[in-house]
Amino acid sequence: MYSAVRGWFKRQSLTFRLGVSISVCVLAGVIGLWFYLAEHARPIIRAHAEELARHPLHDVVSDLTSTGWETESAALTIKNTLKELPRTDVDMMRHLLHSGMQTLIHDESDAAHAWVYVFENEDVTVGTMYSAVTDEENFEFKTKQIKDFYKLYPWFKAVPKQEDAFWSEPYIAEEFNKETPVVTCLIPFKFAGSDKFDGLVAVSMDLEHIREYIAKTESEGLHPGKYWVVSPKGEFIVHPNNALQGRTTLQEVANRPDLSPLQEVYEDILNGRSGYVEIPASSVFDSAVMVFYAPVKDLNWGVGLVFSKKEFFEPVHDLQIKTMSSVLLWLCILLLLINMICRRSTKPLLDLSKVALQYGKGDFSAVLPDNSSKDEIGVMTDAFYKMRTNLLNHINLVEEAASEKQKGESELEIAQKIQQAALPIDFPTHPAFEICATMAAAKKVGGDFYDFFFIDGEHFAVVIADVSGKGIPAAMTMMNAKALIRSIAKTEHSVSKVFYIVNNELCKSGADMFITAFMAVINLKSGELRYINAGHNPPFVRTKDGYKMLSVRHNIVLGGLPNMKFKAEHLQMVRGDRLFLYTDGVNEAQNSSGQFYGAERLTEVLNRELQSPFDALNQIKTDVAEFTQGAEQSDDMTMLELLYCGAGTDTLAVDANVKNIDKILHYVSQDMLEKSVNENTQNKVMIAVEEIVSNIAQYAYRRIGILRLKTYIADGMYFLNFTDNGTSYNPQKQNEPDLSLSADERNIGGLGIFLIRKMSDSFEYKRENGQNILTVGIKI
Amino acid sequence: MEFTIQRDGDKAVCTIMGRIDTNTAPELLEKIDFTDLKELVFDLSDVDYVFSAGLRVFLQAQKVMNANGGTMKLINLQPSVKEIFDIVGFSGIMDIE
Numbered sequence: 000m001y002s003a004v005r006g007w008f009k010r011q012s013l014t015f016r017l018g019v020s021i022s023v024c025v026l027a028g029v030i031g032l033w034f035y036l037a038e039h040a041r042p043i044i045r046a047h048a049e050e051l052a053r054h055p056l057h058d059v060v061s062d063l064t065s066t067g068w069e070t071e072s073a074a075l076t077i078k079n080t081l082k083e084l085p086r087t088d089v090d091m092m093r094h095l096l097h098s099g100m101q102t103l104i105h106d107e108s109d110a111a112h113a114w115v116y117v118f119e120n121e122d123v124t125v126g127t128m129y130s131a132v133t134d135e136e137n138f139e140f141k142t143k144q145i146k147d148f149y150k151l152y153p154w155f156k157a158v159p160k161q162e163d164a165f166w167s168e169p170y171i172a173e174e175f176n177k178e179t180p181v182v183t184c185l186i187p188f189k190f191a192g193s194d195k196f197d198g199l200v201a202v203s204m205d206l207e208h209i210r211e212y213i214a215k216t217e218s219e220g221l222h223p224g225k226y227w228v229v230s231p232k233g234e235f236i237v238h239p240n241n242a243l244q245g246r247t248t249l250q251e252v253a254n255r256p257d258l259s260p261l262q263e264v265y266e267d268i269l270n271g272r273s274g275y276v277e278i279p280a281s282s283v284f285d286s287a288v289m290v291f292y293a294p295v296k297d298l299n300w301g302v303g304l305v306f307s308k309k310e311f312f313e314p315v316h317d318l319q320i321k322t323m324s325s326v327l328l329w330l331c332i333l334l335l336l337i338n339m340i341c342r343r344s345t346k347p348l349l350d351l352s353k354v355a356l357q358y359g360k361g362d363f364s365a366v367l368p369d370n371s372s373k374d375e376i377g378v379m380t381d382a383f384y385k386m387r388t389n390l391l392n393h394i395n396l397v398e399e400a401a402s403e404k405q406k407g408e409s410e411l412e413i414a415q416k417i418q419q420a421a422l423p424i425d426f427p428t429h430p431a432f433e434i435c436a437t438m439a440a441a442k443k444v445g446g447d448f449y450d451f452f453f454i455d456g457e458h459f460a461v462v463i464a465d466v467s468g469k470g471i472p473a474a475m476t477m478m479n480a481k482a483l484i485r486s487i488a489k490t491e492h493s494v495s496k497v498f499y500i501v502n503n504e505l506c507k508s509g510a511d512m513f514i515t516a517f518m519a520v521i522n523l524k525s526g527e528l529r530y531i532n533a534g535h536n537p538p539f540v541r542t543k544d545g546y547k548m549l550s551v552r553h554n555i556v557l558g559g560l561p562n563m564k565f566k567a568e569h570l571q572m573v574r575g576d577r578l579f580l581y582t583d584g585v586n587e588a589q590n591s592s593g594q595f596y597g598a599e600r601l602t603e604v605l606n607r608e609l610q611s612p613f614d615a616l617n618q619i620k621t622d623v624a625e626f627t628q629g630a631e632q633s634d635d636m637t638m639l640e641l642l643y644c645g646a647g648t649d650t651l652a653v654d655a656n657v658k659n660i661d662k663i664l665h666y667v668s669q670d671m672l673e674k675s676v677n678e679n680t681q682n683k684v685m686i687a688v689e690e691i692v693s694n695i696a697q698y699a700y701r702r703i704g705i706l707r708l709k710t711y712i713a714d715g716m717y718f719l720n721f722t723d724n725g726t727s728y729n730p731q732k733q734n735e736p737d738l739s740l741s742a743d744e745r746n747i748g749g750l751g752i753f754l755i756r757k758m759s760d761s762f763e764y765k766r767e768n769g770q771n772i773l774t775v776g777i778k779i
Numbered sequence: 000m001e002f003t004i005q006r007d008g009d010k011a012v013c014t015i016m017g018r019i020d021t022n023t024a025p026e027l028l029e030k031i032d033f034t035d036l037k038e039l040v041f042d043l044s045d046v047d048y049v050f051s052a053g054l055r056v057f058l059q060a061q062k063v064m065n066a067n068g069g070t071m072k073l074i075n076l077q078p079s080v081k082e083i084f085d086i087v088g089f090s091g092i093m094d095i096e
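Each protein sequence line maps, in turn, to chains A and B.
Taking numbering that gives the first Met the number 0, the leading residue of the first sequence gets 0, the next gets one more, and so forth.
Taking numbering that gives the first Met the number 0, the leading residue of the second sequence gets 0, the next gets one more, and so forth.
Honestly, the hints are just simulated from the structure, not real lab data.
Warning: the hint list may mix true and false statements.
[To be verified] Here are a few chain B residues that face chain A, going by a calculated C-beta distance under 7 Å: (1) Asp20; (2) Asn22; (3) Leu54; (4) Leu58; (5) Gln59; (6) Gln61; (7) Lys62; (8) Ser79; (9) Phe84; (10) Ile86; (11) Gly88; (12) Ile92.
[Unchecked claim] A few chain A residues that don't get close to chain B, going by computed Cβ distances all over 10 Å: (13) Leu13; (14) Leu333; (15) Ile712.
[Claimed, not checked] Facing chain B, from chain A, some residues (calculated, C-beta under 8 Å): (16) Val366; (17) Ile660; (18) Asn682; (19) Glu690; (20) Ser741; (21) Ala742; (22) Arg745; (23) Phe753; (24) Leu754.
Cβ coordinates follow ideal geometry from the N, Cα and C atoms, glycine included.
The following block holds chain A by itself, in its conformation from the complex (with noise of 0.2 Å):
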């Protein structure tokens, strides 16, 4: 999986990959800073929300503590001045909570009426209560007697016997014509020179002042709140809810589950604690609220603050969001910069493609793209156009070296055609001798040739020569060596001559080359063969005890000095005696390992079997072959045979071809009118003539060998003799068809001889000097 993605991810362009690439980074950097901000920066931003958030609470606190001082203060007045008098008057009595309460109202208090209570006896429950109640404009004074005190104020039974202030949980005040509940301040007093308590002075704070004074604080940096303050007992002394106010108390409103956080609270305001508590969101509060809260000490007084959880949240979601989406849009922008800098530097790299690509289809015009910058498309641009040079310089060098070569292989392959052309291939049919020539051209050519040509009717040459060097230099001079041999020696009968002026000739050509040569000339009446050697391998001459390297007299080459003598030799040849001349590519051919064919193992071939020139020469190439095994050939190969058949009269030579059985049975009969041989006797020979040669053809040689014929009249007979170099076959050892059988058993070879055999009176085969020899005689 992964390696199938980062195969995939790497086919991508440049340009999408480096994009990811980046994003991916600038995300997760995007993510940990917003982790970064929710782990520290939260916290920070929370403290100073939260510090916002005491502030406000603060200030309630504070103006509750100094509301609830000063009307302790004024109970204190009026205690301290009913301290020095004796037991005073209903006129005093006015005096003191008049003057009491103007310093209230004056100081803007919150106090709503106060009151005088004092003891009638030991038993406090009955007493005279002097009570005040004032605003700014009207000031109302009462008296009233009241005999049973705590029943009207259970609470006061509360109020310890001492000095020091005392105040109520919130209570109406029914007797004041009051609705709203107050609290009062309580303070028991000795009248002058007493020595218990006489009485009580009692101040009473109006809630509904503090209320409304709350409902108008706001607190600083965050919205309004919403505040309650409760009494020491827990009572709601102020609650956004009015219905609640005096009569339920923060305990019973921390026993609902939903509240349970606000259990602690009551114990943290009565031990002097300020803190907060977060309440998650329920039926009471739709979204999660955070309750600060904090004691007012003097009073015993607790104070809530409750923020909704958003909002008091607010500016640190506003900071993450903020940072976010400028981070966001960021990314974007940087985004289109990452795509438009790898358009930018990929775009010069794909115009450099555009134009390999062309380069590589061989299409060198095709223009870089300007770039002459520092960077590295510059530098792989600037690469690229020594590329391109190097590439057309190494082009034009390669087609030269091409064109050179094509050359030079063209010439070859002239200078081979000129060497094959010159070469004759129609070897003569003739009664005195047989002919058969060949010459393999080595790959790079040599300059080997062979030549044969009739003089005049009684003399025959054969010419064989290795011109040195190679090419078309040297197939000109083999040309022009083989031409002036050819016309010189049809006017100069010696051969000495012939080469003396060849040579001077050749010479005098300029060309620079020499050639060895070996000539000969046969005279086929009497078999006298002249030969002359120019620094050519010496020949192989068969004689009836087999083939001999001829030893023979070394001139000097042809070409090299001119005037120089040639002396020629000459030797007898007898009816199957042969020639056979070569050039060094046949004794000096070599194989893989580097040894040469040699003359012994020529000699040996040679000796191996008696058969046609043709036969002979390819039983050489086939050894040779054998030896060298596949190796390179490195000289031409040439090679010619020469057998005489010495001189005959009446004697016919053709191609032992079936083709030539017309031209054959045309000799004959003209020979049998000429000899006046009866109808008869020429239905038979006719019928022996045409047997006789269709076999040879077809047996005896199967290719192009030649076929003799010499007819003569002796004892009553006419004779055919046929003699042919082709494989030894003899007729004699025929088996006779079975005449007995029916058409369908009978086969339809094996007639031809038995026909002869029937037709014919004499009979005779023998194979001498490789030759067959078939002797046949019908009676005349």
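Since chain A is already given, all that's left is putting chain B on it; use the hints.
Same frame as chain A, but now just chain B:
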């Protein structure tokens, strides 16, 4: 050698002129359509010589006709030609007039 072949239904007459030798004989067999051939006649009135190659052709034709369930006949043979057929024993296995 020259020859003509006249086909008439399941019958064919082949008239040959000249020498039947090694070169020309095989052509005869190629030209004769043996399909549904029931009667084959060779007219040899103008044949001077028949060589073994020619004899082979006649033998082969005879074999094919035998296989076809048909008959083969050689007519108008010159004496010298007849002699050849006699020598190789074809007179006994072929219908020669």
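The hints, checked one at a time:
Annotation: Asp20(B) was flagged as interfacial toward chain A, and the flag holds, the nearest CB pair being 6 Å apart, inside 7 Å. For Asn22(B), the interface hint holds, the least distance from its beta-carbon to any beta-carbon of chain A being 6 Å, beneath 7 Å. A cut of 7 Å between beta carbons decides the hint on Leu54(B): the least distance to chain A is about 5 Å, and the hint holds. Annotation: Leu58(B) was flagged as interfacial toward chain A, and the flag holds, the nearest CB pair being 5 Å apart, inside 7 Å.
Residue-level restraint check for Gln59(B) holds (minimum Cβ-Cβ distance to chain A is 6 Å; threshold 7 Å). Given the 7 Å rule on beta carbons, the hint for Gln61(B) holds: about 4 Å separates it from the nearest Cβ of chain A. A hinted interface residue such as Lys62(B) counts as satisfied when its beta carbon comes closer than 7 Å to some beta carbon of chain A; here the least separation is about 6 Å, so the hint holds. Taking 7 Å as the C-beta contact cut-off toward chain A, the hint placing Ser79(B) at the interface holds, the least distance being around 5 Å.
The interface hint given for Phe84(B) is broken, as the beta carbon of that residue sits about 11 Å from the closest beta carbon of chain A, more than 7 Å. Look at Ile86(B): its Cβ gets to within about 5 Å of chain A, closer than 7 Å, so that hint holds up. Using the Cβ-Cβ criterion of 7 Å, the hint placing Gly88(B) at the interface with chain A is satisfied: the shortest such distance is roughly 3 Å. Proximity of Ile92(B) to chain A holds as hinted, the smallest CB-CB distance being about 4 Å (cut-off 7 Å).
The non-interface label for Leu13(A) is consistent with chain B: the shortest C-beta to C-beta separation is roughly 79 Å, beyond 10 Å. Taking the minimum C-beta to C-beta distance to chain B, about 94 Å, the non-interface status of Leu333(A) holds against the 10 Å cut. With a least beta-carbon separation of about 21 Å from chain B, Ile712(A) lies farther than 10 Å from that chain, consistent with its non-interface assignment. Because the beta carbon of Val366(A) sits about 73 Å from the nearest beta carbon in chain B, more than 8 Å, this interface hint is broken.
Proximity of Ile660(A) to chain B holds as hinted, the smallest CB-CB distance being about 6 Å (cut-off 8 Å). At its closest, the beta carbon of Asn682(A) sits 5 Å from a beta carbon of chain B; the interface hint therefore holds under the 8 Å criterion. The interface hint given for Glu690(A) holds, since its Cβ lies 6 Å from the closest Cβ of chain B, which is under the 8 Å cut-off. Interface restraint check: Ser741(A) against chain B, minimum CB-CB distance 6 Å, threshold 8 Å, status holds.
For the restraint placing Ala742(A) at the interface with chain B, the shortest Cβ-Cβ distance is roughly 4 Å, inside the 8 Å limit, so the hint holds. Using the Cβ-Cβ criterion of 8 Å, the hint placing Arg745(A) at the interface with chain B is satisfied: the shortest such distance is roughly 6 Å. The interface hint given for Phe753(A) holds, since its Cβ lies 7 Å from the closest Cβ of chain B, which is under the 8 Å cut-off. The interface hint given for Leu754(A) holds, since its Cβ lies 5 Å from the closest Cβ of chain B, which is under the 8 Å cut-off.
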